[in-house]
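Peer 1: All chains should be built: construct the whole structure from the sequences, respecting the hints.
Here the protein sequences line up with chains S and C, keeping their order. Heads up: the first sequence is residues 1 to 232, going by our numbering. Heads up: the second sequence is residues 1001 to 1974, going by our numbering.
Treat the hints as calculated values from the structure; they're not laboratory data. Cβ coordinates follow ideal geometry from the N, Cα and C atoms, glycine included. Relax, there's no trap hidden among the hints.
Calculated pairs, DSS-like style, for lysine-lysine (alpha carbon to alpha carbon, straight line, at most 30 Å):
no. : chain 1 : residue 1 : chain 2 : residue 2
1   : C       : Lys1149   : C       : Lys1518
2   : C       : Lys1867   : C       : Lys1675
3   : C       : Lys1192   : S       : Lys155
4   : C       : Lys1675   : C       : Lys1873
5   : C       : Lys1518   : C       : Lys1059
6   : C       : Lys1059   : C       : Lys1110
7   : C       : Lys1885   : C       : Lys1865
8   : C       : Lys1266   : S       : Lys155
9   : C       : Lys1167   : C       : Lys1582
10  : C       : Lys1235   : C       : Lys1266
11  : C       : Lys1839   : C       : Lys1865
12  : C       : Lys1167   : S       : Lys155
13  : C       : Lys1839   : C       : Lys1885
14  : S       : Lys155    : C       : Lys1235
15  : C       : Lys1582   : S       : Lys155
Just a sample of chain C residues kept apart from chain S, beta carbon distances all over 10 Å, derived:
no. : residue
16  : Glu1083
17  : Ser1107
18  : Phe1127
19  : Pro1135
20  : Ala1138
21  : Trp1139
22  : Thr1225
23  : Asn1522
24  : Tyr1528
25  : Leu1583
26  : Gln1609
27  : Ala1637
28  : Thr1816
29  : Glu1821
A few chain C residues facing chain S, derived, Cβ under 8 Å:
no. : residue
30  : Ala1168
31  : Phe1169
32  : Gly1170
33  : His1171
34  : Phe1591
35  : His1596
36  : Thr1597
37  : His1600
38  : Gly1658
39  : Ala1741
40  : Ala1742
This is what each chain is made of:
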Amino acid sequence: MDPAGQTRRSFVYRRLAEAGAVFGAVADVALAVHYGDPDAELETARRLGLADLSVLPRVGFKGAGAAKWLAAQGVSLPEVNGAAAQPDGALAARLGPDEVLLLGGLDGAAGLVGRLDEAWAEASTVEPRGYPVPRRETHAWFVVTGAQAADMFAKLCAVDLRPQSFANHRIAQTSVARANAIVIRADLAGTLAYHLLVDSATADYYLPVLLDAMSEFTGGLVGHQALQALLQ
Amino acid sequence: MTGASARGGANRIAGGSQVDYGKPLGFEFEGRRYEGLAGDSIASALAANGVWLLSRSFKYHRPRGVLTMAGHDGNTLVRVGNEPNVRADRHPISEGLAVKGQNYRGSLEKDRDAWLGRVSRFLPVGFYYRAFYKPKWAWQRLWEPWFRKSAGLGEADLAAAHGYFDKAFGHYDVAVIGGGPAGMSAAAFAAKAGANVVLIGESPVLGGALNYARFDVERAGAAKTRGELAADLEKSPNLTIMTYAACTGWFADNWLSVVRGERLHKIRAREVILATGAVGQPAQFRNNDLPGIMLGSAAQRLIRLYGVRPGRTAVVVTANDDGYGAALDLLDAGVTVAALVDLRPESGTAPCEDAVRERGLTVFNGYGVSEAVPVRGNRHVSGVRIAKIGERGAVGDGGQTIPCDLLCVCNGGMPAYQLALQAGGRLGYDDGRSVFSITGLGGHLHLAGAVNGALSLEAALADGRRAAWRAVQALGIGGVTEPVALADPTVQRMRPHPIATHPRGMDFVDFDEDLQVKDILNAVAEGYNEVELVKRFSTVGMGPSQGRHSALPTARLVARATGRTVGEVGVTTARPPVSGEKLGVLAGRGFEPERHTAMHHRHLEAGAQMMTAGLWWRPAFYGPRARRADAIREEIAAVRENVGMIDVSTLGGLDIRGPGAAEFMNRIYTFAYVKQQVGRARYVLMTNEAGAIIDDGIACRLSEDHYYVTATTGGVDRVYLMMLWWNAQWRLDVDITNVTAAYAAVNVAGPQSRALLAPLTEGIDLSGEAFPYMGVREGLLAGIPARIFRVGFVGELGFEVHVPTSMGEALWDAVTGAGTEFGLRPFGVEAQRVLRLEKGHIIVGQDTDAMTTPEEADMTWAIAKRKPFFVGKRSIEMRGRRLSKRKLVGFTLDADGPLPEESNLVLRRGEIVGFVTSVARSAALAKTIGLAYTARDASEPGAAIRIRLSSGGDVNGVVVAPHFYDPENKRQEM
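Peer 2: As structure tokens, this is what we get:
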């Protein structure tokens, strides 16, 4: 599957392709499914892996009434700067009292994210319900996995992200490698993992910076298959 | 212990704990090959080979060698590869390592500048302040070139390749600085209590003095204690150990800079324990800097860590029991100890002393060293002259000379106070008892061990535990029993060697800067009677060792000369860094974020020359640099005559949503928006509270409650913050979101743009009737959900298409594909600048400055005067009542005349009345056109304008209305 033939393209698909990515369809988008050796990538993912999920569904809601409306839609909402897993595999990350980011599941299905998109558009305009934020476009979505992920972040970010200090499902809205980023710890079936959301226009800057910081731990890019394998 | 080893140098003996006798390594020093052992430092490996001369001193080029073996002095600075100022006593050797000495002319052995020492009396302290200014010609032609050549330590290799340096953050409950017994004891205690601890030690292995000092005759205690401490540390899962790491600074809130290798660790700790130990002090007497004269601890480090015999015949001078331990170590290493000179009138009763006497050593009680005797060329010590200490505490004349090739100085130590003083501590000194104290530290800083005056091993260990207990209490960890305090039985370990002022000098106070006793005394005599002034006048303490060895003798000399106590005189301010830091370490890995549009790589593939716009990269023009002018002209022609496409993704995008959106727009921008129709775009102009223009763009009303507003590339972040700031006060029911990165956008402009885009659109009629100028439509373009605006910055029929960023490249590809038959050309920022100038559109920030009002820029048409309020309204009204003296105007010049540059001045009768803001040659108008500020009373069309060129000449033009091209706007509205 050629990502350059798709309407929706990852912000970094060229760099992934240069690194040997094999792209495949996940739901309706082209994702780097592996880099030639899924078994080795699983090991890398356990040690220190980086995957690009930028093309997968996500959405945000913010503004007056957003949290209340989302709760009414059945989204389980955590405290501010916390995240909560949803039954379909989505993750609700609460960035503020009335600001929520919803990351879809790794399967790429529209799921909750799609349902909320539609529900918002159809909802009555009388009750405040916040406003959707195009997070799939404003932010690139990386996931950093593995036991040494926190050591890698220590080189890029001033926040203490070590697992003993930064509990699962905690959020840091901070600066990573001198640009704004959202870091959400969301372990993948026992493997330490952080979602890293950065300004989509800086994705092309971030990818080599992350890989450089990972190199000392022999970390590297892993495909979607390796992430799925972690979950099994 | 005395058995010489076959490998690793002739002075190699058994028993070095840090070297691997089975791994010889070859390396070069000054072009000669030597063999050392794995684990050796450069200095230890050279010492093993009998090479003691490591470098030359800064001012007098005197031979210098090992002093501390701890990386604490500037004597051992060498060049490794292309890196200058490497500390030879810290840097490990490796196979093939190439090392050179520093600061010599000719060779290290035969330095052609060594004569400087002989003329030292002509170079007194501060000589450079009052010499060299006469005769006038001499400075530039003679002195300055000579100083430039002589100044500086080491030589920077400007052609060196970039190194890889980086930084890392660390967060701990407790940071313990110092890997000696007190630090190990503190770290073990705190970790055991459950705190998250980092232990930072400067040596390659933990243990500090436990690794080399002789605490007892049998030397069994130290190894046992070290083993126990190491076992305790090993058991602690929540402990991080950083060895070979230097804490170079303490900053507010316990922020510590720790350099380890090529990485700067930025460590934050809730509690900090300083167990930095004490710094052994050299003694002052004539020729006290000769190679072969070193601290007793340096000799012990050579023996115990590296298995190197530090000399053949030694004299030990001591102020306390330490010298006796050192003497025993020397004897064990096969060194003949010719004499033990004890400053104390009577020795103590320590076990080591008895052992020394049992081994038949000659002990001179109440004696000091008055002079060291050099071999030819000052390359090594050949003997020391000792004499009785007189009643007034001075080493007397006469005495006797004892031949030796090693003098070990055991004066006791001064607390390694630098970090504590950086953190606000004060150093006190009891002159009578020669005891230091550090007081005044904040609540989250604790001292432990020698730096805290706990000098014996038992006291240091106990003090470490108590410091850790206090830290643990401060962390709120309960249930930890308070460890017992231990009074230190050997409080008086420091007894400064009498400063013997020799008439022929060379009695160095500061080895780094070659400052002698008389230099300090002369500085005081000049009136610089405070240590801070003495430091600035004489440069004492400014060298690489940062006053570790010079602060105390300087204080003693200043005290003596001014009739005060050392406690009253004190030491100079301690500032970071404690030890040298490489610039590369401070710089770290460079993070320079940049932003790319979705079409970035398409531009590169099309040969675009990119330029920055804030963090963004934008195409300036397409094609080779050599074709710049032609490329821009062709791009302009394509837009004017056919069709062009420009990436405008970098434009700011803001969603203003909610019931209060229209009111918000009305307040934040100058124009009127309440009655703006849905599906229409309107110009926006933003002024600040001073009534100055700060941004512009267009507002598209997508629904009653939703405006999508563009802002300038460089201004959007500030506009967004201002919007949030204002609405925090207004409390309008509106949500403001910066969606700049969410949309990629292109502007397809030119007479053929409609024909090109029409087949691509679905659900949008692009005809002039259905989609008039300033219309806004949403629909599909090439299957991509798009917002399309009919706006015209470049003055031609044009459509601005905004799509989700992830689809931006697909949009570019689709339009490019469809444009082939129309001869579509991508155009860059340079062409756009000319095109908009032809239309007389201003660029905020280029054609406006911090003062420009809408009136000056002829933009009052964009102000809704009947609105009760908008940001800047009051100021605009006030400034409107008393107009400024300038006005932004259009001007034309002959096309074949000289081309002014932006910022060239506008003159009238020799007075500056304005400046050029934009200028370009317009092919369409066959003229040079531009915008400039000029005098208000000469701003009417037809008035003359004179511009001073960068070359100095003037060019004359005519003021015209700025709407140079298609003033009726027929082309963009067709």
